[in-house]
Amino acid sequence: MSYDILIIGGGVIGCAIAKELSLYSLKIALLEKEGDVAEGTSKANSGVVHAGFNVKTGSLKARFNIEGAARFPFLCEELGVPYRLTKKLVVAKDKSELPYLEKLLEQGKRNGSQGLSIIAGSAIRAVEPDIRGEFALYSEKTAVIAPAEFTIALAELAHANGVEFHFNAEVRAIRRIGQIYEVSAGDGSVYSAAMVINAAGLYSDKILSLIEPHDRSIHPCRGEYFVLDRVDANFLRTAVYPVPPADGRGLGIHITPTTEGNIIIGPSAEYINERDDLATTKPVMETLKREALELMPKLRDVAFIRSYAGIRAKLFVAGGSSNFEDFVIEESRINPGFVSLIGIESPGLTSAPAIAAHVAREFVAPRLALVPNPKALTTRRAAPRIADMSAGELSRACEANPEFAEIVCRCNHISKAEVRAALDNPLGTRTLSAIKKRTRAMMGRCQSGFCLPKILETMLEDYGMSPESLVFNAQGSTVVVDYEA
Amino acid sequence: MKPNYDCVIVGGGPAGMAAAIAMKRLGISDVLLLDRNPRLGGILNQCIHPGFGLSRYGKDLTGPEYARALEGEFAAAAIDRALGAMVLEISPSRKLKVISPGEGFAEISARSVIVATGCRERTRENLEIAGSRPTGVFTAGQAQNLINLKGYRLGQRVIIQGSGDIGLIMARRLRIEGYQVISVFERLPYLSGLVRNKVQCLDHFDIPLRFGTQICEIVGKSRLEGVFTEKVDDEQRPIAGSREFFPCDTVLFSVGLIPEVDILKSAGLYPLPGRPIAVNSRFETEAEGIFLCGNALHIHDLADNAAKEGESVAHHVAHYLRSREEYATFVTQSKPYRPLPVNTRFNAAFFDALEESGQKVCIICPKGCVVSAEGAPCPRGAAYFAESEKGRYQTMTTTIGSVRGGSRARLPIKSLETVEVGNLAPMKKAIALAAAERTSQSPRGPFSSEAQFSAKAAGKDVRFSICD
Numbered sequence: 069m070s071y072d073i074l075i076i077g078g079g080v081i082g083c084a085i086a087k088e089l090s091l092y093s094l095k096i097a098l099l100e101k102e103g104d105v106a107e108g109t110s111k112a113n114s115g116v117v118h119a120g121f122n123v124k125t126g127s128l129k130a131r132f133n134i135e136g137a138a139r140f141p142f143l144c145e146e147l148g149v150p151y152r153l154t155k156k157l158v159v160a161k162d163k164s165e166l167p168y169l170e171k172l173l174e175q176g177k178r179n180g181s182q183g184l185s186i187i188a189g190s191a192i193r194a195v196e197p198d199i200r201g202e203f204a205l206y207s208e209k210t211a212v213i214a215p216a217e218f219t220i221a222l223a224e225l226a227h228a229n230g231v232e233f234h235f236n237a238e239v240r241a242i243r244r245i246g247q248i249y250e251v252s253a254g255d256g257s258v259y260s261a262a263m264v265i266n267a268a269g270l271y272s273d274k275i276l277s278l279i280e281p282h283d284r285s286i287h288p289c290r291g292e293y294f295v296l297d298r299v300d301a302n303f304l305r306t307a308v309y310p311v312p313p314a315d316g317r318g319l320g321i322h323i324t325p326t327t328e329g330n331i332i333i334g335p336s337a338e339y340i341n342e343r344d345d346l347a348t349t350k351p352v353m354e355t356l357k358r359e360a361l362e363l364m365p366k367l368r369d370v371a372f373i374r375s376y377a378g379i380r381a382k383l384f385v386a387g388g389s390s391n392f393e394d395f396v397i398e399e400s401r402i403n404p405g406f407v408s409l410i411g412i413e414s415p416g417l418t419s420a421p422a423i424a425a426h427v428a429r430e431f432v433a434p435r436l437a438l439v440p441n442p443k444a445l446t447t448r449r450a451a452p453r454i455a456d457m458s459a460g461e462l463s464r465a466c467e468a469n470p471e472f473a474e475i476v477c478r479c480n481h482i483s484k485a486e487v488r489a490a491l492d493n494p495l496g497t498r499t500l501s502a503i504k505k506r507t508r509a510m511m512g513r514c515q516s517g518f519c520l521p522k523i524l525e526t527m528l529e530d531y532g533m534s535p536e537s538l539v540f541n542a543q544g545s546t547v548v549v550d551y552e553a
Numbered sequence: 025m026k027p028n029y030d031c032v033i034v035g036g037g038p039a040g041m042a043a044a045i046a047m048k049r050l051g052i053s054d055v056l057l058l059d060r061n062p063r064l065g066g067i068l069n070q071c072i073h074p075g076f077g078l079s080r081y082g083k084d085l086t087g088p089e090y091a092r093a094l095e096g097e098f099a100a101a102a103i104d105r106a107l108g109a110m111v112l113e114i115s116p117s118r119k120l121k122v123i124s125p126g127e128g129f130a131e132i133s134a135r136s137v138i139v140a141t142g143c144r145e146r147t148r149e150n151l152e153i154a155g156s157r158p159t160g161v162f163t164a165g166q167a168q169n170l171i172n173l174k175g176y177r178l179g180q181r182v183i184i185q186g187s188g189d190i191g192l193i194m195a196r197r198l199r200i201e202g203y204q205v206i207s208v209f210e211r212l213p214y215l216s217g218l219v220r221n222k223v224q225c226l227d228h229f230d231i232p233l234r235f236g237t238q239i240c241e242i243v244g245k246s247r248l249e250g251v252f253t254e255k256v257d258d259e260q261r262p263i264a265g266s267r268e269f270f271p272c273d274t275v276l277f278s279v280g281l282i283p284e285v286d287i288l289k290s291a292g293l294y295p296l297p298g299r300p301i302a303v304n305s306r307f308e309t310e311a312e313g314i315f316l317c318g319n320a321l322h323i324h325d326l327a328d329n330a331a332k333e334g335e336s337v338a339h340h341v342a343h344y345l346r347s348r349e350e351y352a353t354f355v356t357q358s359k360p361y362r363p364l365p366v367n368t369r370f371n372a373a374f375f376d377a378l379e380e381s382g383q384k385v386c387i388i389c390p391k392g393c394v395v396s397a398e399g400a401p402c403p404r405g406a407a408y409f410a411e412s413e414k415g416r417y418q419t420m421t422t423t424i425g426s427v428r429g430g431s432r433a434r435l436p437i438k439s440l441e442t443v444e445v446g447n448l449a450p451m452k453k454a455i456a457l458a459a460a461e462r463t464s465q466s467p468r469g470p471f472s473s474e475a476q477f478s479a480k481a482a483g484k485d486v487r488f489s490i491c492d
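In order, the protein sequence lines correspond to chains A and B.
Counting the first sequence from 1 gives a position; our numbering is that position plus 68.
Counting the second sequence from 1 gives a position; our numbering is that position plus 24.
Bear in mind the hints are in silico, worked out from the structure with no lab data behind them.
From a predicted model like this one, the values you see are computed outputs, not experimental measurements.
Be aware that one or more of the hints could be misleading.
[Said to hold, decoys possible] Simulated restraints on C-beta separations:
1. B:PRO271 to A:SER285: 32 to 40 Å
2. A:GLN182 to B:LYS289: 34 to 42 Å
3. B:VAL355 to A:SER458: 32 to 40 Å
4. B:PRO271 to A:LYS177: 55 to 63 Å
5. B:GLU152 to A:LYS177: 35 to 43 Å
6. A:PRO365 to B:SER117: 27 to 35 Å
[To be verified] Derived pair list, reagent style DSS-like, types lysine-lysine, alpha-carbon separation capped at 27 Å:
7. A:LYS155 to A:LYS357
8. B:LYS414 to B:LYS48
9. A:LYS522 to B:LYS121
10. A:LYS522 to B:LYS452
11. B:LYS289 to A:LYS522
12. B:LYS255 to A:LYS357
13. A:LYS357 to B:LYS453
14. A:LYS357 to B:LYS289
15. A:LYS161 to A:LYS350
16. B:LYS255 to A:LYS350
17. A:LYS274 to A:LYS350
18. B:LYS332 to B:LYS83
19. B:LYS453 to B:LYS480
20. A:LYS522 to B:LYS245
21. B:LYS289 to A:LYS366
22. B:LYS245 to A:LYS350
23. B:LYS391 to B:LYS83
24. B:LYS245 to A:LYS274
25. B:LYS414 to B:LYS453
26. B:LYS484 to B:LYS438
27. A:LYS522 to B:LYS391
[Said to hold, decoys possible] Here are a few chain B residues that face chain A, going by a calculated C-beta distance under 7 Å:
28. ILE123
29. SER124
30. ARG247
In this text, a Cβ means the ideal position worked out from N, Cα and C, and glycines have one as well.
Please put together the full structure from these sequences, using the hints given.
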């Protein structure tokens with residue numbers, strides 16, 4: 069199979085690039101080793117659209133953060149996904165931490181971050197009555213999105229514009245024959261293209277190693293989270309952060325309201341050995357709870373319904389400084405047309421739209437003619453959700469399709485029609501994880517206790533899937549071994 | 025469904041159905057019962073084991089039989105009902121938003137509401153157990169649903185955490201279905217469920233129960249590969265150096281139930297984690313005219329008791345509807361419902377002592393008297409001991425394939441005589457084979473023409489009846 073461009077990796081970066089390039093008349097395929105997009109870091113992060121004050125002035129991180137954040141409100145509108153302008157407080161416990169806030173404010177101003185001020189005492193309480201702390205940096209431009217949904221939306225728009233998505237297609241070998249790259253993937257296919265864009269996240273160093281030696285390595289840095297039950301919209305409106313730890317691993321354990329009305333606590337930051345070790349650990353869980361309750365004692369009133377972990381792709385460069393590395397986005401010197409994006413960690417989600425535009429402009433345009441595709445769509449509509457409908461909309465939806473009135477997930481109010489839409493998703497992926505990310509079923513208080521039987525029945529009986537093919541995400545993650553007729 | 029009712033009951037399990045039946049008896053018939061499932065009965069439908077209905081019907085029924093009995097009473101009372109109906113919202117002024125595939129979206133005003141929405145299970149996540157998140161990790165009731173209502177096979181080698189009744193019942197279910205049950209762990213130093221269930225569901229099958237032990241880490245990247253356990257002291261503090269690994273592909277958590285009252289948030293009532301919703305002496309919540317009963321209020325040990333509570337709430341609601349002034353004079357202050365006292369008597373030392381002395385615990389009634397060849401506190405106890413010395417026999421319950429509403433369903437069955445425990449799994453296989461040989465497409469399944477049928481295992485013929 070022959071293409072103009074192969075994108076390796078279906079995370080937010082790969083999908084943003086796919087969407088950006090899908091606006092042009094190019095033949096593109098995206099290869100993903102998992103069974104769906106947004107299966108790695110892109111589904112397990114804080115979902116924060118950063119305002120750009122945490123990043124070193126003059127870095128690519130600062131530039132793409134500021135550019136990306138500015139695009140988000142419009143982009144989410146175009147993609148039909150939620151964007152919640154939560155704003156953000158970085159809270160100093162006492163006066164001793166005030167200089168950090170001042171440093172952040174200065175850095176933010178230098179970076180071009182808007183809407184920043186330092187507030188104190190009652191002004192903090194006016195923003196968030198139940199937050200402890202004497203001083204805070206208040207950022208009025210910080211927002212949250214649903215990162216997996218956002219990634220899926222990018223992928224679906226790219227797909228609508230002709231980008232092919234190949235799942236369970238782990239890249240095993242790459243070779244260059246003249247001007248053409250041949251990529252062998254785990255799905256048994258060989259893909260060839262004039263350009264390869266390596267957006268493999270945690271594995272981006274390994275992908276680059278398939279074609280040339282280099283001195284960069286990704287060190288996985290795990291972040292654990294807690295998810296709290298949905299709360300009243302006024303319980304917590306603002307993302308609340310502590311002063312970041314000095315080791316540069318992360319932004320500290322923060323409390324973030326999600327687009328769905330839950331609260332998440334986290335992430336921790338811990339270097340681990342394996343890139344796919346998503347286990348949560350007791351000591352970290354205890355730390356998360358303790359630190360979050362210090363910031364907001366009222367969190368005791370909310371049930372903790374889930375924990376999970378995500379992994380940051382921390383870049384180390386031989387001989388480089390240990391705690392700051394910028395994004396690496398560059399074309400190989402010895403393999404022209406092979407572009408790698410390495411170390412795209414926070415603020416990677418915020419930067420994704422700007423990074424995608426940068427890749428198109430700086431690396432693709434000089435090699436392939438960027439002829440706008442006149443038929444390309446620029447907007448996508450999300451599948452309807454009964455939880456978001458007014459009484460009138462709900463009434464009409466149920467009349468048109470009685471499956472909107474058939475509840476599958478009682479915790480988050482998700483109907484059979486929504487589960488069906490997720491199973492019929494345009495990317496053609498049918499896993500439990502795909503349904504979970506698209507509908508929010510299995511994410512509520514019961515953690516799939518009640519909805520899983522209904523979803524399994526739909527997949528096995530309405531869709532005729534076999535027990536072996538019905539997996540959560542990875543191959544082998546079966547739920548039902550067999551069933552009796 | 026009409027736009028107005030004197031009373032809307034949310035939930036058609038034992039509490040909700042019993043409340044509806046009682047309302048009718050009290051002369052209040054402008055009542056609507058809503059349930060989100062396509063059938064009445066709630067969780068009873070998946071509880072195919074016996075042990076239900078002793079106080080309401082004076083008989084030992086399986087869950088589905090108990091549900092059908094209540095359903096029969098309910099049908100005779102000719103009360104409005106809507107099935108497959110999900111209540112999305114109950115406003116503080118008792119306006120309900122409801123959707124159902126049959127009637128679409130509807131808004132209903134109620135003079136009173138009884139919330140009988142049951143409970144949900146505490147999950148591995150609620151216990152904050154460390155480790156990865158592979159498939160193969162279920163709650164016990166979820167597994168019960170998948171096995172009993174859908175006929176799915178979930179794995180082969182199983183660990184169960186928690187000695188609650190559902191966990192114990194599921195240990196036996198799994199053995200009948202041919203799974204290997206490696207062990208049951210209980211974090212507490214004493215039994216959580218009924219002694220009867222420990223004896224019949226674990227001891228009869230030689231399934232070990234380890235007290236003071238909890239799963240502390242889940243292992244597996246795609247499907248579960250095993251669990252680490254640790255011992256805890258009597259204050260539930262982990263004991264250093266007690267970690268042990270158990271390979272398994274399936275784990276069930278039976279670690280407690282949580283009242284499911286999320287719907288009350290729309291009425292302005294927010295439960296705090298681990299604490300029940302406050303009700304007054306008439307089971308009325310702090311939202312006027314909204315009453316709460318059954319497992320949605322507190323967790324009952326027996327379905328009969330949830331039904332009884334539904335009946336008493338019906339009385340209070342009837343009173344409330346007749347004269348609010350008079351009703352008010354009987355009301356005392358709101359307070360959280362105080363849970364039943366915990367019985368710590370059935371602990372490791374108790375069971376160890378029995379084992380050493382050759383005595384037994386009687387399971388005829390919940391008292392749990394110690395009985396032996398030397399005697400028992402009552403004749404029934406003495407008879408139990410004599411009977412139990414003859415071997416391990418019990419009623420067998422399982423399911424057979426069927427069709428309901430055009431789709432696959434399972435039909436619960438029970439044996440009409442007791443079966444030797446060693447014959448249960450072979451008997452289940454024999455029934456499945458016999459069922460597969462019949463090709464009936466009737467809605468009552470392969471044995472549809474008979475209310476009873478026979479199956480043979482280990483040379484013995486056993487009669488079964490269909491419980492649905």
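We went through each hint and held it up to the structure:
Distance hint for PRO271 (chain B) and SER285 (chain A): a CB-CB separation of about 34 Å, consistent with the stated range 32 to 40 Å. Checked against the given bound of 34 to 42 Å, the beta carbons of GLN182 (chain A) and LYS289 (chain B), roughly 36 Å apart, stay inside it. The given range of 32 to 40 Å is respected by VAL355 (chain B) and SER458 (chain A), whose C-beta atoms sit roughly 37 Å from each other. Distance hint check for PRO271 (chain B) and LYS177 (chain A): the Cβ-Cβ separation is about 57 Å, which falls inside the suggested range of 55 to 63 Å.
Evaluation of the 35 to 43 Å hint for GLU152 (chain B) and LYS177 (chain A) yields a pass: the beta carbon distance comes to about 41 Å. Restraint check, PRO365 (chain A) to SER117 (chain B): a C-beta distance of roughly 33 Å satisfies the suggested window 27 to 35 Å. For the hint pairing LYS155 (chain A) with LYS357 (chain A), the CA-to-CA distance comes to about 23 Å; that is within 27 Å, so the pair holds. Taken as a hint, the LYS414 (chain B) and LYS48 (chain B) pair is broken in the structure, with Cα atoms around 48 Å apart against an allowance of 27 Å.
The suggested pairing of LYS522 (chain A) with LYS121 (chain B) holds, with an alpha-carbon distance near 23 Å, which does not exceed 27 Å. In summary, the hint linking LYS522 (chain A) to LYS452 (chain B) is supported, as the alpha carbons are separated by about 25 Å, within the 27 Å threshold. Note on LYS289 (chain B) and LYS522 (chain A): the hinted pairing holds, with a Cα-Cα distance of about 25 Å set against a maximum of 27 Å. For the hint linking LYS255 (chain B) to LYS357 (chain A), the alpha-carbon distance of about 24 Å falls within 27 Å, and the restraint holds.
Distance check on the hinted pair: LYS357 (chain A) and LYS453 (chain B) sit about 49 Å apart at the alpha-carbon level, beyond 27 Å; violated. Using a Cα cut-off of 27 Å, the hinted pair LYS357 (chain A) and LYS289 (chain B) holds, with the two alpha carbons roughly 25 Å apart. Straight-line distance between C-alpha atoms of LYS161 (chain A) and LYS350 (chain A) comes to about 26 Å, which keeps the hinted pair within the 27 Å bound. Only pairs whose Cα atoms come within 27 Å are accepted, and LYS255 (chain B) paired with LYS350 (chain A) is accepted, the gap being roughly 15 Å.
Restraint check: the Cα-Cα separation between LYS274 (chain A) and LYS350 (chain A) comes to about 31 Å, which exceeds 27 Å; the hinted pair is violated. Note on LYS332 (chain B) and LYS83 (chain B): the hinted pairing holds, with a Cα-Cα distance of about 16 Å set against a maximum of 27 Å. A C-alpha spacing of about 10 Å is found between LYS453 (chain B) and LYS480 (chain B), which places the hinted pair at or below 27 Å, so the restraint holds. For the hint linking LYS522 (chain A) to LYS245 (chain B), the alpha-carbon distance of about 24 Å falls within 27 Å, and the restraint holds.
Distance hint between LYS289 (chain B) and LYS366 (chain A) is fulfilled; the C-alpha atoms sit about 18 Å from each other, no more than 27 Å. Proximity of LYS245 (chain B) to LYS350 (chain A) is assessed by CA-CA distance (about 18 Å); at most 27 Å being required, the pair is judged to hold. Between LYS391 (chain B) and LYS83 (chain B) the alpha-carbon distance is near 19 Å, which keeps this suggested pair within the 27 Å criterion. The suggested pairing of LYS245 (chain B) with LYS274 (chain A) holds, with an alpha-carbon distance near 21 Å, which does not exceed 27 Å.
Annotation: proposed proximity of LYS414 (chain B) to LYS453 (chain B) holds, straight-line Cα distance about 25 Å (limit 27 Å). With a CA separation close to 16 Å, the supplied pair LYS484 (chain B) and LYS438 (chain B) stays within the 27 Å bound. For the suggested pair LYS522 (chain A) and LYS391 (chain B), the alpha carbons sit about 39 Å apart, so the restraint of at most 27 Å is broken. Because the beta carbon of ILE123 (chain B) sits about 4 Å from the nearest beta carbon in chain A, less than 7 Å, this interface hint is met.
The closest approach between the C-beta of SER124 (chain B) and any C-beta of chain A is roughly 6 Å, which is under the 7 Å cut-off, so the hint is satisfied. Annotation: interface hint on ARG247 (chain B) holds; nearest CB of chain A at approximately 6 Å, less than 7 Å.
When held up to the earlier numbered hints, the structure conflicts with 8, 13, 17, 27 and fits the remainder.
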